[in-house]
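Chain by chain, the residues:
Number of protein chains: 2
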Amino acid sequence: MSNQTKFILSEQDIPEKWYNITADMPNKPLPPLHPATHEPIGPDALAPLFPMGLIEQEVTSDAWVEIPEEVRDIYKVWRPTPLYRAHRLEKALDTPAKIYYKYEGVSPAGSHKPNTAVPQAYYNMKEGVTRITTETGAGQWGSALAFACNLFGIHCEVYMVRISYDQKPYRKLMMNTWGADVYPSPSDRTHAGRQILAQDAASPGSLGIAISEAVEIAATHDDTKYSLGSVLNHVLLHQTVIGQEALKQMEMAGDFPDIIIAPFGGGSNFAGISFPFLRHKLVEGKKLRAIAVEPTSCPKLTRGVFRYDFGDTVGMTPLLPMYTLGHTFIPAKIHAGGLRYHGAGVIVSQLLKDNIIEAVAVDQLETFEAGVLFAKTEGIIPAPEANYGIAQALREAQIAKEEGVAKTILFNLCGHGNFDMASYDAYFSGRLQKHEMTQQEIEAALALIDTPAIPA
Amino acid sequence: MSNQTKFILSEQDIPEKWYNITADMPNKPLPPLHPATHEPIGPDALAPLFPMGLIEQEVTSDAWVEIPEEVRDIYKVWRPTPLYRAHRLEKALDTPAKIYYKYEGVSPAGSHKPNTAVPQAYYNMKEGVTRITTETGAGQWGSALAFACNLFGIHCEVYMVRISYDQKPYRKLMMNTWGADVYPSPSDRTHAGRQILAQDAASPGSLGIAISEAVEIAATHDDTKYSLGSVLNHVLLHQTVIGQEALKQMEMAGDFPDIIIAPFGGGSNFAGISFPFLRHKLVEGKKLRAIAVEPTSCPKLTRGVFRYDFGDTVGMTPLLPMYTLGHTFIPAKIHAGGLRYHGAGVIVSQLLKDNIIEAVAVDQLETFEAGVLFAKTEGIIPAPEANYGIAQALREAQIAKEEGVAKTILFNLCGHGNFDMASYDAYFSGRLQKHEMTQQEIEAALALIDTPAIPA
Numbered sequence: 001m002s003n004q005t006k007f008i009l010s011e012q013d014i015p016e017k018w019y020n021i022t023a024d025m026p027n028k029p030l031p032p033l034h035p036a037t038h039e040p041i042g043p044d045a046l047a048p049l050f051p052m053g054l055i056e057q058e059v060t061s062d063a064w065v066e067i068p069e070e071v072r073d074i075y076k077v078w079r080p081t082p083l084y085r086a087h088r089l090e091k092a093l094d095t096p097a098k099i100y101y102k103y104e105g106v107s108p109a110g111s112h113k114p115n116t117a118v119p120q121a122y123y124n125m126k127e128g129v130t131r132i133t134t135e136t137g138a139g140q141w142g143s144a145l146a147f148a149c150n151l152f153g154i155h156c157e158v159y160m161v162r163i164s165y166d167q168k169p170y171r172k173l174m175m176n177t178w179g180a181d182v183y184p185s186p187s188d189r190t191h192a193g194r195q196i197l198a199q200d201a202a203s204p205g206s207l208g209i210a211i212s213e214a215v216e217i218a219a220t221h222d223d224t225k226y227s228l229g230s231v232l233n234h235v236l237l238h239q240t241v242i243g244q245e246a247l248k249q250m251e252m253a254g255d256f257p258d259i260i261i262a263p264f265g266g267g268s269n270f271a272g273i274s275f276p277f278l279r280h281k282l283v284e285g286k287k288l289r290a291i292a293v294e295p296t297s298c299p300k301l302t303r304g305v306f307r308y309d310f311g312d313t314v315g316m317t318p319l320l321p322m323y324t325l326g327h328t329f330i331p332a333k334i335h336a337g338g339l340r341y342h343g344a345g346v347i348v349s350q351l352l353k354d355n356i357i358e359a360v361a362v363d364q365l366e367t368f369e370a371g372v373l374f375a376k377t378e379g380i381i382p383a384p385e386a387n388y389g390i391a392q393a394l395r396e397a398q399i400a401k402e403e404g405v406a407k408t409i410l411f412n413l414c415g416h417g418n419f420d421m422a423s424y425d426a427y428f429s430g431r432l433q434k435h436e437m438t439q440q441e442i443e444a445a446l447a448l449i450d451t452p453a454i455p456a
Numbered sequence: 001m002s003n004q005t006k007f008i009l010s011e012q013d014i015p016e017k018w019y020n021i022t023a024d025m026p027n028k029p030l031p032p033l034h035p036a037t038h039e040p041i042g043p044d045a046l047a048p049l050f051p052m053g054l055i056e057q058e059v060t061s062d063a064w065v066e067i068p069e070e071v072r073d074i075y076k077v078w079r080p081t082p083l084y085r086a087h088r089l090e091k092a093l094d095t096p097a098k099i100y101y102k103y104e105g106v107s108p109a110g111s112h113k114p115n116t117a118v119p120q121a122y123y124n125m126k127e128g129v130t131r132i133t134t135e136t137g138a139g140q141w142g143s144a145l146a147f148a149c150n151l152f153g154i155h156c157e158v159y160m161v162r163i164s165y166d167q168k169p170y171r172k173l174m175m176n177t178w179g180a181d182v183y184p185s186p187s188d189r190t191h192a193g194r195q196i197l198a199q200d201a202a203s204p205g206s207l208g209i210a211i212s213e214a215v216e217i218a219a220t221h222d223d224t225k226y227s228l229g230s231v232l233n234h235v236l237l238h239q240t241v242i243g244q245e246a247l248k249q250m251e252m253a254g255d256f257p258d259i260i261i262a263p264f265g266g267g268s269n270f271a272g273i274s275f276p277f278l279r280h281k282l283v284e285g286k287k288l289r290a291i292a293v294e295p296t297s298c299p300k301l302t303r304g305v306f307r308y309d310f311g312d313t314v315g316m317t318p319l320l321p322m323y324t325l326g327h328t329f330i331p332a333k334i335h336a337g338g339l340r341y342h343g344a345g346v347i348v349s350q351l352l353k354d355n356i357i358e359a360v361a362v363d364q365l366e367t368f369e370a371g372v373l374f375a376k377t378e379g380i381i382p383a384p385e386a387n388y389g390i391a392q393a394l395r396e397a398q399i400a401k402e403e404g405v406a407k408t409i410l411f412n413l414c415g416h417g418n419f420d421m422a423s424y425d426a427y428f429s430g431r432l433q434k435h436e437m438t439q440q441e442i443e444a445a446l447a448l449i450d451t452p453a454i455p456a
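Those protein sequence lines, which keep their order, are chains A and B. Heads up: the first sequence begins at 1 in the working numbering, then just goes up one per residue. Heads up: the second sequence begins at 1 in the working numbering, then just goes up one per residue.
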């Protein structure tokens, strides 16, 4: 057993249900509020943006939601994904810790994102939607949705954060290959985009702005819906296939994690790997630390506030109860474009508020150092986002070494870095800088927030 | 069964031996000749370039060669690779043919090349070699060797064909991440490179030139050996792990191929998938067509001559009996850099001469069309090299449709196109052209050959 490197499941092991953690949470998430009236809204308010199949999943209190056969059929293209024991990394660290990682980079789009892109496209197709708009930061999500839409014959329109659009032309081409149209955001195609460009014609964009643009198009066209790659409950739900498979694979390894680690942007990566394990903590009281890792340049979990805020920059979405740095916050241009979102998903925010999970912020220089060590020992070059999880795993392995305890660490390697080599180039050539926000910058960001507080 | 998409093996199914087809060939390959004397050479003549462990494999007549445990241990990072039934592609083609593909793009370097890079680095490490030089065309081979050398603590020095070096900066960065040094070829670091640059300072380079440079460095430094990513017997040997796994997976599918297809550069891709199946043809008389697919711009198998020729441009290697367009031939700058080699491996050449296998040439425009259809139906964006195999699979599926026969087709999807999106861009924007050589061009190339003929 100790010699085994890779734990492989068969097609029959692809989960048949998604796991909804809200069913087992001691405190349920608070309801979203209407952006204008600040009154709680029901499912119907989401109908202009999402098909009913997804809205039902967004609000369901069922613990398990069945995965349609057509979706499982496409999951077979890359699922089940492998789970690895990181023997060579452990050796390099000289740690007694046992390090495992689940590798989601084997999907066609190269990350965990297709796990939710496929069901989202599926439910839209079922309800006759012919076009889906979305935003993308690093490009992982846009690629995943382009891939999924193509398989169901839906036209896909992607608003790509300007800085990523310029830095990653190959991501754009990947989306084009699958038939999607890609626009740099802010664009002149929407009112929201034109508004931002009027203030700053050279705006590098942000995920919040791109969301505003994609939402606007969907809200103003009957044949078009919108799709989000993280944050929302149904997105986190779909990602739980990762953790369910990992549970089986850890069982194959005869092990159970003491610590689960994942990078944190909006929460889907973290939820995907951790929720099926957290179920055992919530239901059976099993001991388990789950750690979300965010950039020091966008520290909403560790330095933001827990209150109602918009999901987009302009303020078109419902108000969501979440950890946030403010919906107008635009983080520094670090090289992990995907973790530059101002807020955190509602479920994860509530779990953090209730101390069921932990959060930590890591600087990008430390993450690239960790990623290069990983590439040199385990062979896989990770996406810059994934390096955040690796960096924290290295910290925990170091603590285990100092304490002399053989802890079991599991992290989610959410994607490969094949489209991010320019970031590695920037790191190698010394062009990357530390990006820790000062207390003053944090206070200035939070002072701008004018949305409702959470009721006591 | 018919519903199954992916046939997955476990770590225990990684082959324990490589298969050497020369043991079962009716006519054995002719011996290599000394470049100056034209006399047959023995294994010792290769000692300046290769470690004895690999030379033994180059000349062995054993049918099976044991895979060292240390090599199998690293194979576990990505092997066994999946074998797919291309349900969605079949449907799009409306063909009665059953199409299967073995997917080698799941390796860290993204292609089948690490299958031989790892054992090559291993045997060099065992004999105390501290530096390995090599050439790379498309970059797949250089990446694979950089990956493998890093794991065994060997310094890797890559001569990268100039045109690829300029077109694919991210490939270079991938090699850098694994610790390799990469130089554009022709370079001023070698006598061979300086000689070419003196004739043409803007030379786009070729695989033959890059080989000359890498060989020169190895031949003139005691601590340095050379490594080749295709053509040679031991390279083809290592790749047979692909076909051995595929044999088991086709058995899981309850099927056996009527036709096996693979792209052809030097022969390792083709050998890897086909030799373990061809064994059943050679030993048991099983019916099977194996088709090597080359570019119309570099048609050594279909329009070249079978005679002795050098492996490199300058003429430093032994003379090998092979199909060739002449060692000074430099093919057009098509976008599948990896298939631009002037000659074919000795074993494959003999098999073709004896009509045991077939060869066909396809134009790059047809291959990209096939690759985009594949990406849209099966989800994976193939390497441009891999598109040659897909294009031929589509031709055969079309014939099956016309004949109304449910033929079983298996092809090797040797790598993903994540680093080749610029080629897709060129295709989408209409910048790629047909590159069929004229009869005059072929004759002009062959007229330059001054190496010995094959004895009758």
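Everything labelled a hint here was simulated from the structure, so no lab data went into it. Since we're looking at a predicted model, the values are computed, not measured. Don't take every hint at face value.
If you want the footprint, here are the derived chain B segments under chain A, 3+ residues with CB under 8 Å [as the list claims (entries may be wrong)]: (1) 89-95; (2) 100-112; (3) 176-184; (4) 368-382; (5) 419-427.
For lysine-lysine, the following BS3-like pairs were computed, each having C-alpha atoms within a straight-line distance of at most 30 Å [as the list claims (entries may be wrong)]: (6) K407/A / K286/A; (7) K248/B / K333/B; (8) K91/A / K353/B; (9) K126/B / K248/A.
A virtual CB, placed ideally from N, CA and C, is assigned to each residue, including glycine.
Decide if the proposed pair is consistent with the structure: K248/B and K333/B, CA atoms, cutoff 30 Å inclusive.
-> Judged against 30 Å, a Cα distance of about 39 Å means the pair is violated.
In terms of beta carbon proximity below 8 Å, does the segment 89-95 of chain B have 3 or more residues touching chain A?
-> violated (count 0)
Could you grab the alpha-carbon distance between K126/B and K248/A and see if it respects the 30 Å cut-off?
-> Judged against 30 Å, a Cα distance of about 38 Å means the pair is violated.
At a Cβ distance under 8 Å, does chain A reach at least three residues of the segment 176-184 of chain B?
-> Coverage by chain A holds for the segment 176-184 of chain B (4 residues, Cβ < 8 Å).
Within 8 Å of chain A (C-beta), three or more residues of the segment 368-382 of chain B | Since three or more residues must qualify, the claim that chain A covers the segment 368-382 of chain B holds, with 7 doing so at under 8 Å.
Quick check: the segment 419-427 of chain B, covered by chain A? Criterion 3+ residues, Cβ under 8 Å.
-> holds (count 5)
For the segment 100-112 of chain B, do three or more residues have a beta carbon lying closer than 8 Å to a beta carbon of chain A?
-> n = 3 at 8 Å, threshold three: holds.
For the pair supplied as a hint, K407/A and K286/A, is the alpha-carbon distance within the 30 Å limit?
-> With Cα atoms ~15 Å apart, K407/A and K286/A stay inside 30 Å; holds.
Between K91/A and K353/B, does the CA-CA distance stay at or below 30 Å?
-> The given pair, whose Cα atoms are some 50 Å apart, is violated under the 30 Å limit.
Checked against the numbered hints above, the structure violates hints 1, 7, 8, 9; every other hint is satisfied.
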